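Q: As a plain string of letters, each chain reads:
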Amino acid sequence: MTFEPRIVGFLCNWCSYAGADLAGVSRISYPTNIRIIRLMCSGRVDPVFVLETLANGADGVMVMGCHPGDCHYVEGNLQTERKIKMLKKLIARTGLEPERVRLEWVSASEGGRFAELVKEFTNQIKALGPSPLVGEKPDPNILEDLLAAKATAGDFRLRVLVGKEKGMIDDGNVYGEEVSQEEFDKTMDEAIDAEYVRNKIYLMVRKEPLSVKELSKRLDLDPQAVLRHMVVMRRRGMVTVDRIEGTTPLYAALEVGR
Amino acid sequence: MFICHCGINIGGIVNVPEVVKYAMTLPNVVYSEGNLYTCSSEGLSKIKEGIGKYNLNRVIVASCTPRTHEPLFRATCEEAGVNKYLFEMANIREHCSWAHMHEPDKATEKAKDIVRMAVAKARLLKPQEEPEIDVAPSALVIGGGISGMTAALCLADQGFKVYLVEKEPELGGMLRHLHKLYPTMVDASEGLNKIVEAVKPNKNIEVWKSTVVKQVKGFIGNFDVSFQRENGETANFRVGTIIVATGADVFEPVGMYGYEKYDNVITQFKLEQLLKGGQLEKPERVVMIQCTGAREEKGRTYCSRICCMTALKNALLVKESYPETDVYILFRDLQTYGKEYEEWHRMAQDRGVKFIKYALEKPPEVVAGNNGKLTVDVYHALLNEQVQIESDLVVLSTPLVQHEDAKELSQILKVPLGPDGFFFEAHVKLRPIDFATDGIYVCGTAHSPKDTAESVSQALGVASRAAIPMAVKRLRTEAITATVDEILCSGCGTCVTICPYGAIEKDEKGVARVTAVVCKGCGTCGASCPEKAISMRHFTDEQVVAQALAALGRAVA
Amino acid sequence: MEASKSVLVIGGGIAGMQASLDLASRGLKVYLAEKTPSIGGRMAQLDKTFPTMDCSICILAPKMIECFRHPNITLLTYSEVQEVSGSAGNFTVKILKKPRFINEEKCTGCGVCAQHCPVEVPNEFDMGIGVRKAIYVPFPQAVPLKYTVDEENCLKCRLCQRMCQAEAVDLNQKPEVVHLNVGAVVVATGFELFDVQRRSEYGYGKYQNVLISLEFERLLSASGPTGGHLLRLSDGRIPKRIAFIQCVGSRSLKGGVSFCSSACCMYATKEAILIREHEPECEVYIFYNELKVFGKGFQDFVTRAQNDWGVKYVRALPGEVLEDSKTGDLTLWYEDTRENVTKSIKADIVVLCPALVPRAANKEVGVILGLELDEHGFFKPKDSLFAPVDTNVLGVFICGYCQSPKDIPESVAQASAAAARAAEVIALSPSKEVH
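Taken in sequence, the protein lines are chains L, A and V. Remember, this note's numbering sits 2 above the position in the first sequence when you count from 1. Remember, this note's numbering sits 23 above the position in the second sequence when you count from 1. Remember, this note's numbering sits 154 above the position in the third sequence when you count from 1.
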């Protein structure tokens with residue numbers, strides 16, 4: 003049986019959803035695989051939505067908005083751009099292919115373009131193959147990766163960075179100093195790395211208490227780096243020492259609740 | 024659940040009866056029927072009937088795109104007693120039957136998925152109330168020039184109270200300094216006085232001269248404004264709308280073409296004033312240089328629109344007073360646009376005004392000549408030769424520029440200035456005189472350089488725009504808005520900067536608060552909030568995720 | 155409703171729509187009369203708008219739908235104003251609703267009729283280079299989305315009637331006369347294009363690859379006859395060089411009009427950028443005389459076209475265009491005023507920018523309303539400086555291009571101005587009862 007990808011699309015009401023409408027009005031055919039969710043603005047797309055969708059077995063996710071400059075809500079799409087950029091960096095650290103997520107600009111008059119993009123993406127996903135998270139037995143490692151990514155995307159640090167990115171780059175920081183995109187990207191990349199690893203650690207020590215040595219083996223990271231993360235996580239109340247075996251502390255997760 | 028055949032548009036490809044049956048298997052679906060045309064009066068009756076008979080508290084219509092008929096179906100639900108926000112549509116035409124005409128089986132399966140997704144969202148929908156606010160039937164007009172006064176008079180005549188605030192001791196603005204206005208050549212003071220005399224006795228207009236706006240708080244319908252007079256006197260008023268009509272300044276071309284170095288290099292504005300006062304002594308040869316400090320490569324890159332016509336007008340006036348005087352106009356592209364202005368170019372040529380085109384890359388030079396005169400050296404771009412003109416009066420046509428204090432006003436009002444320094448409208452094409460912030464409007468040269476006729480058109484225009492909320496007295500807005508959970512909010516301020524409408528502010532507790540009537544519901548704040556403290560009515564995280572999971576055939580936990 | 159609290163708007167383009175929405179939003183009743191089957195006007199025909207490069211129909215369609223949905227606006231499409239009498243505060247209007255041969259209450263716009271109609275004719279919306287059926291909507295986003303039968307070309311085969319499941323086709327429909335009482339009238343009749351065949355030296359009508367700008371705009375549009383693919387109509391080839399000729403019929407003392415249409419330099423720049431976006435290998439030349447860059451953002455737009463997109467501006471208006479009849483390729487002859495030599499250049503397509511002129515029908519509208527027109531056919535404002543939207547008839551106002559050449563933002567602002575004045579006149583008029 004040929005593989006039929008399951009694709010979910012998050013489309014903005016004013017441009018891309020209307021573009022999809024026009025494709026229909028113009029009777030332009032495209033593969034049936036996509037299921038469209040209507041939002042008012044592509045800016046509404048929280049990276050967590052995309053990760054949740056992927057974690058539940060979507061083979062591909064499309065996010066579509068208005069062309070830059072055309073956003074019905076002025077700049078929502080520019081925020082989307084930055085969020086998806088961050089999201090892709092995050093996914094790149096998991097075992098899932100970042101190409102399964104695609105951001106495109108489609109205007110209300112681009113029915114043909116909408117159909118083309120859906121066709122192209124569907125074929126791309128067909129070639130990529132089913133998501134490792136589909137079906138009765140999703141790949142447990144990648145699933146864990148994705149859940150860690152979801153937690154990371156839902157965390158304060160990355161969200162505040164992405165949220166403030168445009169303002170900082172356009173208008174400078176609170177001291178009136180210029181912040182360049184490269185500078186910002188460096189900070190963002192470090193934050194993504196750090197928070198993702200921390201969330202992975204969290205998920206791991208939630209299952210069973212583990213030592214720094216064991217964690218560094220499983221994560222393929224330097225033990226010193228892992229220890230630094232543990233220190234931060236302890237301070238944040240994410241982990242605590244469960245017990246000590248010989249001279250080795252074992253860490254367990256604390257329920258991080260509200 | 025009402026599933027439409029739309030004639031054969033849907034029914035000819037999607038197996039509607041099968042989808043109707045399938046819908047009944049979905050959680051909470053108690054009734055499901057197919058219609059030939061759900062949007063017909065017959066179809067609408069069936070919806071109302073179904074609501075009554077089956078006690079429906081959520082309604083889904085699976086048919087065409089919501090972008091056209093959603094308001095119609097929502098109204099139908101309301102008529103039958105179901106809150107319009109408890110209604111959801113499933114697009115199985117534009118997004119299904121029409122796009123997959125050659126794959127009816129797959130289209131039918133897709134239609135079922137789309138219906139399942141709609142049900143997943145509909146189950147989580149909550150009724151919403153559309154917030155209403157009162158609108159104070161009064162307007163603040165900032166700027167008492169021709170634009171401000173025109174807007175004020177028009178609003179006053181429609182019955183609204185107007186506070187007209189002018190920072191100078193006199194009303195009139197730029198027109199006070201002008202001599203004659205093209206194309207009718209009416210005397211500026213005459214035209215201006217008529218309007219000032221109409222403003223003075225108008226019972227609805229309260230004029231505040233030598234006054235500036237110090238603070239503005241609130242939102243459309245409810246702006247709390249503080250004024251301050253030169254003598255320190257302050258006053259506070261509540262107004263429903265605000266109009267920015269602050270005009271513009273004339274650029275002083277210090278360091279260009281010998282300005283301030285030589286006495287006989289003046290601005291076009293200065294020439295206008297000399298002509299007005301009858302103080303122009305007979306010049307032998309006048310050279311006007313257009314685009315001085317305008318249409319530059321960097322900085323003031325814009326064209327100031329009115330300088331070419333002003334130069335033509337003044338050239339003709341000079342020729343009228345002093346027929347033997349030579350007048351040269353050095354220009355790059357003559358902005359004689361519109362219905363009548365081309366004629367002026369011809370007229371000027373007929374009256375002996377000489378035109379020399381120069382290019383941006385080779386601008387003219389003004390140097391001291393003999394006997395206190397000046398020599399203007401210019402590369403004639405059409406004759407391709409260097410030309411030298413001896414002149415005793417060089418007139419520089421400079422652009423209009425934004426006032427220095429506009430930055431302060433823009434911060435007080437929280438409205439933006441554009442790349443050229445002039446106020447920046449909500450949408451360059453379709454909302455040229457509105458600001459993105461509801462209830463605040465802009466007109467005249469505060470918006471961009473323009474002449475009297477164009478300023479008056481815009482001023483009348485804002486009188487219409489501002490009258491709308493004030494005439495209806497109460498504003499009702501969509502319920503699709505953001506709301507902040509104060510307990511979760513940590514006051515980081517990300518949402519405040521992200522909102523393009525200024526709908527979110529930090530309150531006294533340092534916590535974000537959304538002004539629902541200003542919020543447009545885009546959801547960007549909701550997706551960005553670091554504490555996940557913001558939820559979007561009618562497009563909540565749960566509803567969106569439920570749809571995504573339903574798309575994948577998974578139910579929400 | 156009291157007679158005086160309603161307004162008649164003549165013309166359903168962007169100006170007419172804006173005036174209608176302003177008036178309706180503040181509680182006045184509006185009758186919007188439009189002679190074609192759909193509102194939308196010229197903006198619906200554009201691909202993008204300068205200088206923002208917004209997708210035109212994308213920003214227009216929500217306004218069209220708002221006009222349709224607004225409880226205070228009654229759309230009278232496919233209708234013409236026949237008589238107006240009375241005075242400010244109380245005008246009596248007679249409007250003729252031309253028969254669409256479709257029952258508007260029953261038609262759902264589903265389109266099955268057009269799918270089956272056997273007659274194909276040139277489509278006015280596509281300026282004749284695309285086709286439509288004899289039963290048609292002018293464009294997919296038409297408002298109201300109701301079909302219309304083109305009586306002239308209809309074969310009366312009744313296939314549409316048989317296919318329509320809503321039983322909406324009524325081939326016996328008669329014209330309807332609508333009587334209205336309104337307090338004020340706003341005229342927004344827009345423009346038409348100068349007949350460039352009068353400038354025979356450019357070969358329009360003779361040479362297949364000489365187009366007028368609005369035709370070219372339809373070629374560029376994603377919803378146009380080629381789906382937005384830039385192709386030559388004569389042979390379907392992708393053009394490698396396109397030349398624009400400005401001011402065809404504008405700013406001319408002989409064989410044209412003396413005024414400047416005020417939008418052509420900018421829309422040519424826009425089309426030039428669109429060409430470069432569609433086909434980066436295609437060269438674009440704009441032949442002009444004086445570049446009109448007076449509006450907000452205009453100069454920056456041109457600078458971007460030159461520096462970022464490589465559009466070439468040549469200050470010369472070609473004397474003539476010749477065609478190689480074998481290939482359809484064109485040659486332009488011009489005097490390069492910068493270098494002072496006569497040159498020629500070959501082009502695959504030549505786009506003529508015609509003067510935008512007030513509609514010939516304005517004369518009739520002027521007679522019906524008692525309005526004065528100037529020598530070009532524009533409606534005369536009462537005072538061009540201080541009363542730009544008022545006319546010689548109290549209670550009748552003008553806005554948009556029919557008042558004087560202008561672009562979209564100016565039309566929108568002036569439409570609001572006309573609405574303000576109409577509302578003012580109504581507020582100041584004594585109200586009358588409807589009998």
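No lab work stands behind these hints: they were computed from the structure. Worth double-checking, as some hints may not be accurate.
To be verified - Quick list of the computed label-pair ranges, beta carbon to beta carbon: (1) 464/V with 176/L: 39 to 47 Å; (2) 463/V with 185/L: 24 to 32 Å; (3) 330/V with 576/A: 48 to 56 Å; (4) 354/V with 130/L: 57 to 65 Å.
Stated by the list, open to error - Derived BS3-like pairs: lysine-lysine, alpha-carbon spacing no greater than 30 Å straight-line: (5) 555/A with 168/L; (6) 184/A with 430/A; (7) 217/A with 536/V; (8) 430/A with 190/A; (9) 437/A with 536/V; (10) 190/A with 87/L; (11) 217/A with 168/L; (12) 496/A with 217/V; (13) 184/A with 91/L; (14) 190/A with 168/L; (15) 260/V with 44/A; (16) 209/L with 168/L.
Treat the numbers as computed from the prediction; the structure is a model and nothing was measured. Glycine residues also receive a C-beta, built at the ideal position from the N, C-alpha and C atoms.
Q: A separate judgement is required for each hint: does it hold in the structure or not?
A: Now for the hints, and whether the structure bears them out:
The supplied range of 39 to 47 Å is met by residue 464/V and residue 176/L, whose beta-carbon atoms lie about 41 Å from each other. Distance hint for residue 463/V and residue 185/L: a CB-CB separation of about 31 Å, consistent with the stated range 24 to 32 Å. The hinted window of 48 to 56 Å between residue 330/V and residue 576/A holds, with their beta carbons roughly 53 Å apart. The hint said 57 to 65 Å for the Cβ distance between residue 354/V and residue 130/L, and at roughly 60 Å that hint holds.
With a CA separation close to 19 Å, the supplied pair residue 555/A and residue 168/L stays within the 30 Å bound. A hinted pair counts as satisfied when its Cα atoms are at most 30 Å apart, and residue 184/A with residue 430/A qualifies at roughly 27 Å. In summary, the hint linking residue 217/A to residue 536/V is supported, as the alpha carbons are separated by about 16 Å, within the 30 Å threshold. For the hint pairing residue 430/A with residue 190/A, the CA-to-CA distance comes to about 15 Å; that is within 30 Å, so the pair holds.
Our distance criterion of 30 Å between C-alpha atoms is broken by residue 437/A and residue 536/V, whose separation comes to about 38 Å. For the hint pairing residue 190/A with residue 87/L, the CA-to-CA distance comes to about 48 Å; that exceeds 30 Å, so the pair is violated. Restraint check for residue 217/A and residue 168/L: the C-alpha separation of about 50 Å exceeds 30 Å, so the hint is violated. For the hint linking residue 496/A to residue 217/V, the alpha-carbon distance of about 23 Å falls within 30 Å, and the restraint holds.
At roughly 56 Å between alpha-carbon atoms, residue 184/A and residue 91/L are farther apart than 30 Å, so this suggested pair is violated. For the proposed pair residue 190/A and residue 168/L, the alpha carbon gap of about 36 Å is over 30 Å, so the pair is violated. Between residue 260/V and residue 44/A the CA atoms are separated by roughly 28 Å; this keeps the pair inside 30 Å, and the hint holds. A threshold of 30 Å between alpha carbons decides the hint, and for residue 209/L with residue 168/L the separation of about 38 Å lies outside it, so the pair is violated.
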